[in-house]
Amino acid sequence: MYIYNAIDQSIVDARVKQFADQTERYLGGRISEDEFKPLRLQNGVYVERHSPLLRVAIPYGLLSSRQLRMLAQIGRTYDRGFGHFTTRQNIQFNWVKLEEVHKILADLASVQMHAIQTSGSCIRNVTTDHLAGVAHDERVDPRPLAELMRQWSTLNPEFAFLPRKFKVAFNGAVEDRAASEVHDLAFDVYRDEAGEVRLTVKVGGGQGRTPRVAPVIKTGLHWRDMLSYTEAVLRTYNRWGRRDNIYKARIKILVDALGPERFGEEVEQEFAHLHGGPATLAANELERMTAFFGAPPYQSVSSGDQDEARHRLADPRFNAWVKRNVAKHKRDNYGAVTISLKPLGVAPGDATSDQMEAIADLADRFSFGQIRVSHHQNLVLADVARSDLWALYQALEALGLSEPNVGLATDIICCPGGDYCALANAKSIPVAAAVQETLASKAQDIGTLAIKMSGCINACGHHHVGHIGILGVDKKDEEWYQILIGGRTDTKTTLGQIVGKAIPREAVAPTIERLTDFYLKNRNNGEIFIDAVERLGKAAFQAAAFQNDMSQTSPSPQIQEAN
Amino acid sequence: MSTLLKLFSPGDIRTLPLPEGAFRPAPAPNPFPNMDVINQGQGDVRSLIRPNVKQPEAPSVAAWEHGTLLTLPEWLARDGAPPDAAVGIVLMPTDDPMVLVGRLDGLAVIAVEFAKFNDGRGYSIATLLRSRLGFKGEIRAVGDVLIDQLFAMARCGMTGFALRGDQDVAAAKRSLESFPAVYQWAADERDFVLANKTDLERAAA
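So the sequences go chain by chain: A and B.
Using my numbering, you'd call the opening residue of the first sequence number 1 and step up by one each time.
Using my numbering, you'd call the opening residue of the second sequence number 1001 and step up by one each time.
Excised from the complex, chain A in its bound form (with noise of 0.2 Å):
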């Protein structure tokens, strides 16, 4: 992984020192409460509904064990020992103290990390597959030039209060993994056939209030000239995009009202002045960078096949955490291997610090020591032996942390909601562990099923793009959810559609498990939820999951609560 160097270093301590002394003039009185927010902001600070939450910055999900194990002592020592996985490959403690943030930033600029620019109108952490690196269908590793493009909008002065903030993601696979195509900004990476890397550039894409997928806005790009377009892309927006209306202020609705052509045309209007320029990358980068990225020294003899074979053989849950939670490594003889933060009873994302730990300390001993957050809120450790699966697995079991249901009904994507959030509209995670328990007993069964649950229009849980969206909506003061069908990431994004009408919380997972027993009854072999909706119409399923509803129109929230 990238290892900061004294330049790198000294910028995230003089952003520490910044910080702290922008604290104390703010808690002096000397910085109004207007002008401290975007400055609280981009160092990850929300005022939330019940504390201050800190976001810190995972570049691209990518951490060491010894920086986990400061995560963890982060969350006993300001938080309440436990710290919480975001969509975005971020980490959060929710319930910090405001004056006592500079020092977690310090804390964590001891281990190369930092906060900045995990929030605010600003380039965001820049996100990627959680599998780059050991994909078995990946093009070219996207981690060097997520990297560079992190460097590059660290304290980038031009970009620092844009419109809206703006979410940059890198896909270097056949698969996206990274949902690239629903951020402002994507970048496909791929070899050309004189095996020079290029990218192919897409804008505009987005969840919240006007969901959009990405269009490609330039192709060929070569790799040298990433940040010079980049720029280019950003100088647009930072002029034209709107300002007199935050609901309207995303890139997507400037690309929206420019058509993606014309939009295009104004960047390369742009870049013809950047090409070229002092923003192109140095020849020898991008194999500097990847040294970086290296493979770890893998064995090349496989021993335990027989072993792996044999207990999956002897224990269904170990055969079930083996199909659904190690991934295909390109070398046979290791496996990608997910550890799900999402066991019944917990909140999506969500670990505690001795859990934290513990997994620091499984990576040490099964996977080099790194481990990866993935955007379903997952950690995953990258590297293991196939050999030794087992004593993982017994490992994980022992700390509960074996729950075999990665990409099931039961691994929910879920935003904090009410129960944190100062927007949300609608609580998450009471919803997330009904349907998880609803469902639970089926989940083997019904096999891969993306379920997204946001508790606002923000979209932080990505209902747009679950094969099936949960939303929460506000109506009257009321709790209210709005389901979705058919959205998808994995090889062409597709959003999802409202079907039916709103229905309150406790009508959810029965109205969901409508739709799973649907497809129980009319899947083909081997054809997941997903393929089932696109082949038998989203209608279908509507009629079967909302059939009691049909003759009724609007009814009030009494009598829908009394039923």
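What the hints contain is simulated information worked out from the structure, not anything from laboratory work.
Among the hints, a few may not be true.
Mimicking DSS-like on lysine-lysine, the simulated pairs with C-alpha atoms at most 25 Å apart in a straight line are [what the hints assert, rightly or not]:
hint	chain 1	residue 1	chain 2	residue 2
1	A	K37	B	K1116
2	B	K1197	A	K37
3	B	K1173	A	K17
4	A	K330	A	K492
5	A	K330	A	K218
6	A	K248	B	K1116
Please read these numbers as outputs of a predicted model, since none were measured by experiment.
Fit chain B to the supplied structure of chain A, relying on the hints for placement.
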């Protein structure tokens, strides 16, 4: 009175008194933050969101130390002959600096309006003035010119900072040196980490 910080070169910062009208006056004093509200959360904030943000109509300053500031239309309406005395103009966030191509002669100061400190268009305007148009005079931030944005402003090629009336001059000077190094190219042409360098050049640097 307020102060103009002038950045001549890195580390060479001078101060100059500014007359009324050449800076935005101090707003009312801040109340001390209510730590109960902060550390115990602010509850449901949905009703506090104002979707429509008011856009600036007029510049927040009308003058510089040598006279009035012209607006961009006023400057462009002139016949194009170089003026007798040095002229200062002010650009609004919606102004396109590229219309100044061929019209920079005689301009001593181009003020960039920060009607609100968090309107980032001024950073791109200054960048274009400096790097695309090659303007050599003073690019001056006016309006909500606050300590905590000066470093970024200077990086985008701004060299004059008409501090808002309440800003502390010593802290402002310090903030221009907030970071010992920078990653990316910007209009100040400062050395940067991601420069197009070979390994040899890197090692020598």
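- request: Please work out if K248 of chain A and K1116 of chain B have their alpha carbons no farther apart than 25 Å.
  value: Measuring from Cα to Cα gives roughly 19 Å; hence the hint holds.
query: Given the hint that K1197 of chain B pairs with K37 of chain A, does the C-alpha gap stay at or below 25 Å?
result: violated (38 Å)
- request: Would you mind confirming whether the straight-line C-alpha gap from K1173 of chain B to K17 of chain A stays at or under 25 Å?
  value: Distance ~16 Å between K1173 of chain B and K17 of chain A Cα, so the pair holds.
field: 25 Å limit on alpha-carbon distance, applied to hinted pair K330 of chain A and K492 of chain A
entry: Cα-Cα ~23 Å, so holds.
message: Check whether the Cα positions of K330 of chain A and K218 of chain A lie no farther apart than 25 Å.
response: Outside the cut-off at roughly 30 Å; violated.
- prompt: For the pair supplied as a hint, K37 of chain A and K1116 of chain B, is the alpha-carbon distance within the 25 Å limit?
  reply: At roughly 13 Å apart (the allowed maximum being 25 Å), K1116 of chain B and K37 of chain A satisfy the hint.
Hints 2, 5 from the list above are not met by this structure, while the remaining hints are.
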